[in-house]
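Visitor: So the chains spell out like this:
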Amino acid sequence: MTLDLPVHAIAHARAGDKGDVSNISLIAYLDSGWDTINVLATEKKVLDIFKHLGATKVQRYELPKLNALNFVIENALGGGVNSSLRLDRHGKTLSSHLLHELILPISQEMIPSNSPYQEKFKDTKS
Amino acid sequence: MNKKVYIGCGAGFSGDRFDASIPIVREFKKIDGPKYLMFEVLAERTLAIAQQYRLKNPEEGYSPFLDSYITPILDDCLENNIKIISNIGAANPMGAAKRIIEISRKQNTRKPKIGVVIGDDLLDYMSNEEILNSPTMEGLDFSNNKITAANVYLGAQPIAEALSKDVDIVIVGRTVDSALALGPLIHEYNWKKNQLDLLGSGTICGHLLECGAQVTGAYFADPGFKDVPNLANVGFPIVEFNSDGTFIITKPIGTGGLVNKATVTEQLLYETHDPSNYLVPDVTADMTNLKLEYVGENRVLVSGGKGKKPPEKLKATICCDNGFMGEAEISYAGPNALARAKLAGEVILERIQILGLQGQIRVEIIGAGSVHFSIDETSSYELPKDGDYRVRTSAIYPQKDQAQQMVDEVMSLYCCGPAAGGGGRGYVTPQSSTASILVERSKVDPNILVKMI
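These protein sequences, in sequence, are chains A and B. Residues in the first sequence are numbered consecutively from 1, following our numbering. Residues in the second sequence are numbered consecutively from 1, following our numbering.
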C-alpha cells in the first residue's frame, strides 16, 4: 500500500548556489526509498516545481552507491546571490521547497522507523 | 607503511564561529604526526569588499576577522607544530601575514615563519580590456562598469610549495577552497601531478572540509526527522587521511553535532554540479564511485575517490559595482492580516509607478512562503487569513537616492497604508555584481609567487 506524501518522508536535501544556478541534492534515508526517488524524481517534475522562479533547465545526476540524486537547476536564483531581489539570495531554502512540493507514492517501509510520517500509516490500518 | 595526516577546518565562511577551532587544536595536541588547521573565509563577494579596503589603506584588505580567528589558537598551533592554512589573506595576503606576526609579538610567542602565495589578482597583470574580452562562463555583461576585483582561483601546488619551505603558516588570497586541504596532502605524500586518483581523493576531502560544520551535523537538523545532538556546541571537522587516499571524517571528542553517512552525503553534493567532473586547477575529481562506511561513533570512512586530467583553463571571478539595493519591510498581524499585507504590496507597486522609478522590484510576504513566492504568485502553502505577515520590498536602482526613495515609500505606509502596519525597517546597500571568466594558465602561472616572511 502506498500513500501520496511529500518526498520529505523518505529523503533529505541540501541546496547550494553558483551564480544563477542552484543545485539541490535529494538523498533517500533508506535503501528501500532509493528506487522510488530514482524512478520518480524526474528532471521534468523538478523543473515544474521551480519554473515559477524562472528555472529554464534541470540536469539530474545519480549516485546510486549513496542513494543520492543531484539536480542542477539553471536560472533559478533570480540572477544569483549578487543580483537577486529575493530575501533568500542564495536559494538556500529551495531544498525545503523541493521536499515539500515533490509528492510521491510512498510505502511505510521507505520511511525511517522513528519518523513522524509513520503516523500517516497508523490511520489507514484502523 | 601508512602515514596519517590530520586536517581540521576551523571556519567554513567569512563570519563563521570564531571559537570553533579551539576544540580541534585541543584534540591535535594529543596526536603525533602532521597536523593542519585550515580556515576558509573568502566568499565570492568578500574579495570585492576587501579590495575597497585595500584601495583606502594599502596595509588592509585582508579578512576583517583575521584577529578573531587567529588570536585564540596562534600560540598553541606554533607550540604544537599545527600548521595553519588559510585564504584569510583576501585582497592582501602579505598584509595578513604581517598582521599575524604582530599578533605573535603581542602574545609573546615565537615569531612564525609564513609563506604567502601571490598571483591570484588579475588586475596586477592583465588590463581591464583583456579581462573583459575573456570568455565568460556565467554572469552579466560588465563592459560598461568599472571592475572592482578580478581574481583567478589558484590550485594547491603553490600551497604545497610554500610548505616545502618549512613554514608554520600559509596565507593565500583567492584559491579554490578544497586546495586548503589538498596543498598539505600534496606536500606530505609528495604526490606527483599524474597521480590523479590521489589528487581527486584529496580534493574530495577538501570539499568535505571547506564548509566547516556543514559536514558534522550543522545545516542538517530537522527536528523529529533529522535530530542533531548539542547543535550549539557543534564540533568542526577533522580528517584523518591515509597514504592510499582513503580518509576518515570525524570531529573533536566532547563536542556536539553528528557525523554519519547522511551528513557527509549532504555536504558532498553541496555546491557540486556534475559529481563525475568536479573541476579544480589540480585535477577533475570524480565522486561517482565514492563509498561511505560508518566505522565508529561519529566516524565515516570515505574511499573510492577518483581523478581525471585537470581543466585546461582557470576560472576567475570578476566584480563590479552595480547600483544600490533598497530593502524595506512592514508587518501586519491579527484578524485579516493577509489581506492587509497584500493591499500594502499593491499600494507600494502603484506608488513606485507613479514616482516613475525604473528598475527591478519585488514584493514578497514574509510568512506566506516569501522565499519561494512573490506577491503576484499563488503560494502552495495553506495560508491562514489571520496571522502575522510582513511585507518585504526590494529593488535595485543605479542611484542611491532612487533606492532611498523606494524605501521612503514603504515607510510612508505607516500613515498612508492599510490599517495597523507596524515595525517598519528600511535600508539601502551598495551592490557588487560578479561574473566568472576563463583565463589561460600561461597568463597566470608566471605570476604565481611564494614569498616568505
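Heads up, some of the hints might be wrong.
In silico negatives: residues of chain B with every beta carbon more than 12 angstroms from chain A [said to hold, decoys possible]: (1) Ile22; (2) Glu27; (3) Ala43; (4) Gln195; (5) Asp222; (6) Lys261; (7) Leu269; (8) Glu271; (9) Lys291; (10) Ser331; (11) Ser380; (12) Arg392; (13) Ala435.
Label pairs and their calculated CB-CB ranges [stated by the list, open to error]: (14) Glu297(B) - Leu30(A): 17 to 23 angstroms; (15) Ser32(A) - Asp244(B): 51 to 57 angstroms; (16) Lys44(A) - Glu297(B): 17 to 23 angstroms; (17) Ser243(B) - Thr124(A): 26 to 32 angstroms; (18) Ser243(B) - Thr2(A): 46 to 52 angstroms; (19) Ser32(A) - Glu297(B): 21 to 27 angstroms; (20) His100(A) - Glu297(B): 28 to 34 angstroms; (21) Lys122(A) - Ile253(B): 53 to 59 angstroms; (22) Ser107(A) - Gln399(B): 54 to 60 angstroms.
Simulated from the structure, these hints should not be mistaken for laboratory data. C-beta atoms are modelled at their ideal positions from N, C-alpha and C, and glycine is treated no differently.
Visitor: So does His100(A) sit 28 to 34 angstroms from Glu297(B), Cβ to Cβ?
Guide: holds, 33 angstroms
Visitor: Per the hint of 26 to 32 angstroms, is the separation of the Cβ atoms of Ser243(B) and Thr124(A) within bounds?
Guide: violated, 54 angstroms
Visitor: Given the hint of 54 to 60 angstroms, is the C-beta distance from Ser107(A) to Gln399(B) inside that range or not?
Guide: Holds, since Ser107(A) and Gln399(B) (Cβ atoms, about 58 angstroms apart) stay within the stated range.
Visitor: Taking the closest pair, is the beta carbon of Ser380(B) still more than 12 angstroms from chain A?
Guide: Not fine: 6 angstroms to the nearest Cβ puts Ser380(B) too close to chain A.
Visitor: Find the nearest Cβ of chain A to the Cβ of Asp222(B) and say whether that gap is larger than 12 angstroms.
Guide: violated, 7 angstroms
Visitor: Using Cβ atoms and 12 angstroms as the threshold, tell me whether Ser331(B) really stays out of contact range of chain A.
Guide: Fine: 14 angstroms to the nearest Cβ keeps Ser331(B) off the interface.
Visitor: Given a hinted range of 21 to 27 angstroms, is it respected by the beta-carbon distance of Ser32(A) and Glu297(B)?
Guide: About 25 angstroms separates the Cβ atoms of Ser32(A) and Glu297(B), which means 21 to 27 angstroms holds.
Visitor: Say whether it holds or is violated: Gln195(B) keeps its Cβ farther than 12 angstroms from all Cβ of chain A.
Guide: holds, 23 angstroms
Visitor: Confirm or reject: Ile22(B) is not an interface residue toward chain A, with every Cβ-Cβ distance exceeding 12 angstroms.
Guide: The claim stands: Ile22(B) keeps its Cβ more than 12 angstroms from every Cβ of chain A (closest is about 27 angstroms).
Visitor: When you take the CB atoms of Ser32(A) and Asp244(B), is the distance between them in 51 to 57 angstroms?
Guide: The hint (51 to 57 angstroms, Cβ to Cβ) is violated, given that Ser32(A) and Asp244(B) are roughly 33 angstroms apart.
Visitor: Does Glu27(B) clear chain A by more than 12 angstroms, comparing its Cβ with all Cβ atoms of that chain?
Guide: holds, 26 angstroms
Visitor: For Lys291(B), is the shortest CB-to-CB distance to chain A above 12 angstroms, so the non-interface label stands?
Guide: Nearest chain A Cβ is 6 angstroms from Lys291(B), so the label is violated.
The structure fails to meet hints 3, 5, 6, 7, 8, 9, 11, 12, 13, 15, 16, 17, 21 from the earlier list, while all remaining hints are met.
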